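For the protein sequence lines, the chains are A and B, in the order given. 183 is the number that the numbering used here gives to position 183 of the first sequence; each next residue is one higher, with no gaps. 152 is the number that the numbering used here gives to position 152 of the second sequence; each next residue is one higher, with no gaps.
Simulated from the structure, these hints should not be mistaken for laboratory data. These numbers were taken from a predicted model, which means no experiment stands behind them. Check each hint, because a few of them may be wrong.
[Unchecked claim] Distance ranges between label pairs, derived from CB positions:
no., chain 1, residue 1, chain 2, residue 2, range
1, B, Asn77, A, Leu112, 55 to 61 Å
2, B, Glu129, A, Lys103, 20 to 26 Å
3, B, Ala40, A, Met116, 57 to 63 Å
4, B, Glu76, A, Gly138, 28 to 34 Å
[Claimed, not checked] Pairs of lysine-lysine, DSSO-like flavour, derived with a Cα cap of 30 Å:
no., chain 1, residue 1, chain 2, residue 2
5, B, Lys191, A, Lys28
6, B, Lys12, A, Lys71
7, B, Lys116, A, Lys193
8, A, Lys195, A, Lys120
9, A, Lys193, A, Lys174
[Unchecked claim] Over the 12 Å line for every Cβ pair with chain A, so calculated as not near, a few chain B residues:
no., residue
10, Lys12
11, Gln23
12, Ile38
13, Ile46
14, Arg49
15, Asp105
16, Glu106
17, Asp109
18, Lys163
19, Leu165
20, Glu226
21, Ser236
22, Ser237
23, Leu244
24, Ala252
Beta carbons are placed, not taken as given, at the ideal position from N, Cα and C, and that holds for glycine.
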Amino acid sequence: MNEMNLADVLEGYAMATPEGNNPAVLQKWTTAYPQFAGDLTDFAAARAVLEHSPAELTEAEETRYRELGLKNLRAALRNAAAESAPLASLTERAKEKGLNKAKLAAAVGVSLSLLMYLEKKRLDFASIPKMLVEKIAGVLDTAEETVSAYLAKGPDALAEASFYKTATRPEEIKPKTFADAVREDQILSTEEKRKLLEMK
Amino acid sequence: MTTRAGSSAGIKPLTKRARETGQTFVRRPEVEAQLAEIVALDREEIFARLDNRNRDSGDYLFDETLVYLLREARRENDEQTVETLYPELNRRLWKLFKSYFKYFDEPADFEDFGQKVELEIIRKLLDVETDAADFAEVMFGKFVAMQTHGAWRGSLNRIVREKALFQDARPADGDDAPEPQFESKELSAEKRLILREMISKLPPNIMLVAALLLDGWQIESRDENEPTISKMMNVSSRTIRNWLKEARRILADDEGEKER
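For reference, chain A alone in the conformation it holds in the complex:
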């Protein structure tokens, strides 16, 4: 069987029950995909709420949510445009938004040196908490995928070469893990380090 992701499983269950939830079918799906059993059950419950507790909007709510929605739509359109160009630098993107390096570091909740590790892509991408990527994306008003793609690229070849006086690289420098970089940081307080290390 093809490997199913969460969306495939939820869509599959929804299409198997077009008229509404069916506990027997739900059980079949939760048994077949135990890794998604919790999501399937929550999804079915969310459907039950929509089906059995219909609600109406007041005129004031309609106006309010319309404003919020258009704001969201415009932000998404702007983001989509920005996403079409890959991120060249975190600090440059921040500058476009009126944030210098110190302000960017403060907004993201890291020290300047940790920010530079991120900027230079010198951290093992797999070790960077998703929550931090989300935070950076939020501050830079860009998509998480764009920030992830930037951080996952690894150090630029040119930047790496200029780091050494000789043309030959003495040895491959292993990227640091995020946790190590936090622990070694000289600026962050113990509390700040704890918060960063607890990030998922």
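With the hints as your guide, set chain B onto chain A.
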């Protein structure tokens, strides 16, 4: 948005395949029929139909039709049309979100939830490079439930925890307490009607129990693999039965109020 020149043959087919069956997604026949009709209209005629909120009217645009039009306008980089079409979809989205309103303590929390989910939905709908949002053109309501279930679960857990704690702090009902009214395997038509009528008057934890009972879920089961209300809400079946007794009290009070 392609208009006039369009025809039923010009409707962009869905490309996503269901992983389990390998079959390509298809829209409902009534949506396909509406699209065939709508692509022959000019832009202003389509916009005029956005004002029609009567679901029984033939002119009422299906959610899936709106999604199709929105994505087509996006493919053509026609932001003005996207902005004209979107508010009606936004209204329908928030109408659905409002079903979850009671599960949030503060209106601001509910708005945060709605905005977060809406932004994710918009992002998916605007992504026309992939077929990730094809499902929204097949079953829009279920597509919305897919996006809400995770965000809503966090708030639900907190409410259920608080209500269950409150329940546990109360003296336990005796084992000889009368059997709960809504515990039969199949709800009778009369009980379904009562539940449907009273559901909006119930606190959120009991509201969810009522919605799940209406959906045919059991409170508990001997079959450990069967999804049950008790497992979904992570509370004991005894707590749920006590909540149902509370529901009957609320209903009785409400009836008493009406008679006064």
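Checked hints:
Range check, B:Asn77 to A:Leu112: about 40 Å between beta-carbon atoms, so the 55 to 61 Å window is missed. Roughly 33 Å separates the CB atoms of B:Glu129 and A:Lys103, a value that falls outside the hinted 20 to 26 Å. For B:Ala40 and A:Met116, the hinted distance range of 57 to 63 Å is satisfied, since their beta carbons lie about 58 Å from each other. Range check, B:Glu76 to A:Gly138: about 30 Å between beta-carbon atoms, so the 28 to 34 Å window is met.
At most 30 Å may separate the alpha-carbon atoms for a hinted pair to count; B:Lys191 and A:Lys28 meet this at roughly 28 Å. For the proposed pair B:Lys12 and A:Lys71, the alpha carbon gap of about 28 Å is at most 30 Å, so the pair holds. Only pairs whose Cα atoms come within 30 Å are accepted, and B:Lys116 paired with A:Lys193 is accepted, the gap being roughly 28 Å. Between A:Lys195 and A:Lys120 the CA atoms are separated by roughly 23 Å; this keeps the pair inside 30 Å, and the hint holds.
Restraint check for A:Lys193 and A:Lys174: the C-alpha separation of about 22 Å stays at or below 30 Å, so the hint holds. Here B:Lys12 stays apart from chain A, with its beta-carbon at least about 19 Å from theirs, past the 12 Å limit. Taking the minimum C-beta to C-beta distance to chain A, about 9 Å, the non-interface status of B:Gln23 is violated against the 12 Å cut. The beta carbon of B:Ile38 is kept farther than 12 Å from every beta carbon of chain A, the shortest such distance being approximately 21 Å.
Every CB of chain A is more than 12 Å from the CB of B:Ile46 (nearest about 18 Å), matching its label as outside the interface. The Cβ of B:Arg49 lies farther than 12 Å from every Cβ of chain A, with a closest approach of about 18 Å, so its non-interface assignment holds. Taking the minimum C-beta to C-beta distance to chain A, about 17 Å, the non-interface status of B:Asp105 holds against the 12 Å cut. Listed as a non-interface residue, B:Glu106 keeps its Cβ farther than 12 Å from every Cβ of chain A; the least gap is roughly 15 Å.
Chain A leaves B:Asp109 outside its interface by the beta-carbon criterion, the shortest separation being 14 Å against a cut-off of 12 Å. The Cβ of B:Lys163 sits about 16 Å from the closest Cβ of chain A, beyond the 12 Å cut-off, so the non-interface label holds. With a minimum CB-CB distance of about 21 Å to chain A, B:Leu165 clears the 12 Å threshold, and the non-interface call stands. Non-interface status of B:Glu226 relative to chain A is broken: a Cβ of that chain comes within 12 Å, the nearest being about 5 Å off.
With a minimum CB-CB distance of about 17 Å to chain A, B:Ser236 clears the 12 Å threshold, and the non-interface call stands. Its beta-carbon lying about 16 Å from the closest one in chain A, B:Ser237 satisfies the requirement of being farther than 12 Å from that chain. Listed as outside the interface, B:Leu244 is consistent with that label: its C-beta sits roughly 15 Å from the nearest C-beta of chain A, beyond the 12 Å cut-off. Remark: the non-interface label on B:Ala252 is consistent with the geometry, its nearest Cβ contact in chain A lying 21 Å away (cut-off 12 Å).
Consistency note: the structure conflicts with the earlier hints numbered 1, 2, 11, 20.
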